[in-house]
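What follows is each chain in one-letter form.
There are 2 protein chains.
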Amino acid sequence: MQIREAAAEDWPRIWPFWHRIVAAGETYTWDRDTSEEAARSLWMNPAKRVYVVEDETGAIVASAFVTPNYGGPATGVANAGFMVDPDRAGRGIGGTLAEHVVEAARTAGYRAMVFNAVVETNPAVKLWLSLGFEILGTVPEAFDHPRHGRVGLHIMYRAL
Amino acid sequence: MQIREAAAEDWPRIWPFWHRIVAAGETYTWDRDTSEEAARSLWMNPAKRVYVVEDETGAIVASAFVTPNYGGPATGVANAGFMVDPDRAGRGIGGTLAEHVVEAARTAGYRAMVFNAVVETNPAVKLWLSLGFEILGTVPEAFDHPRHGRVGLHIMYRAL
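Protein sequence lines, in the order shown, are assigned to chains L and P. Each residue of the first sequence is one higher than the one before, counting from 1348 in this note's numbering. Each residue of the second sequence is one higher than the one before, counting from 1348 in this note's numbering.
Where hints are given, some of them may not hold.
[As the list claims (entries may be wrong)] Partial selection, computed: residues in chain L whose CB lies under 10 Å from chain P: (1) Arg1360; (2) Phe1364; (3) Thr1376; (4) Thr1381; (5) Glu1384; (6) Asn1416; (7) Gly1418; (8) Gly1419; (9) Ala1421; (10) Thr1454; (11) Arg1458; (12) Val1461; (13) Ser1477; (14) Pro1493; (15) Leu1500; (16) Ala1506.
Treat the hints as calculated values from the structure; they're not laboratory data. Even glycine gets a Cβ: it sits at the ideal position worked out from N, Cα and C.
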């Protein structure tokens, strides 16, 4: 498994699991029918530093980004997003990628990282807690989950 | 005092106080030197419903926007932003505008309103609390305030 910065030509190999995850509507506050073009603008945005994880065969199995969470006087706080190919879930890829991204954010000079909208039923909440993130607060009933109904969105935080 | 939806041609009368407020760097997480063109794209964005307050002489003394705070499965939660001309501060304009905007958001079908980054030293925090908003959490030391140093950013919430 190798983690490296993404190149523009990686996108077609990110899109299949990106689309599958967003279309499922369980973890991201993006339109479930986001087009490939809009998705590419969101994820491969020049304001973001984007990473990919390749497995032993060279397949891309996960991706993440880091970007400032705010502008102006609050640029010292990072935001990040993570997607692991659901076919590769449960193998520790998300945790390894998250540790890499947290370290990269610290090296880039960020003082903290914030997730603005973590669906409270997302199994990743446990991962973030295990990596030192805390739940600052929860927006109640903010997210229409296809199986659980209206669930909260956590704001999560970690100093770097 | 009259509150109405903004028209594109109102922008040149919003920009002077918009610029003054953002350049002061005490309340907004936008670049202090945001250009007029970038500011117009941010504030008069087609995704936002924008309001202005006119005084008796027809001068624009405040503006606000309402927009979805999230996309996809969480579009039921609104975000809003408010600016009152500092020369007109302390006359209740912000409160009257806020009540109008909260009511407009409810009418538009939003179930709740969230502010993602309220600088904890901003006097408006008191106004939001008086209008039924609560502090869900605070991102510590996230905002470099020109006079107070690093201060927190509140996430504030109100059901509609």
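Here is how each hint holds up against the structure:
1. Arg1360: 23 Å, violated
2. Phe1364: Violated - the Cβ of Phe1364(L) stays beyond 10 Å from chain P, reaching only about 17 Å at its closest.
3. Thr1376: Given a least distance of 4 Å, the restraint on Thr1376(L) holds.
4. Thr1381: 8 Å, holds
5. Glu1384: With Cβ-Cβ at 16 Å, over 10 Å, it is violated.
6. Asn1416: Asn1416(L) check passes; min Cβ-Cβ to chain P is 8 Å, inside 10 Å.
7. Gly1418: 5 Å, holds
8. Gly1419: 5 Å, holds
9. Ala1421: It holds, given that the least Cβ distance between Ala1421(L) and chain P is near 4 Å, below 10 Å.
10. Thr1454: Violated, because the Cβ-Cβ distance from Thr1454(L) to chain P comes to roughly 19 Å (cut-off 10 Å).
11. Arg1458: 7 Å, holds
12. Val1461: For Val1461(L), the interface hint holds, since the closest Cβ of chain P sits about 6 Å away, which is under 10 Å.
13. Ser1477: With a closest approach of 20 Å, the Ser1477(L) hint is violated.
14. Pro1493: 8 Å, holds
15. Leu1500: 7 Å, holds
16. Ala1506: 8 Å, holds
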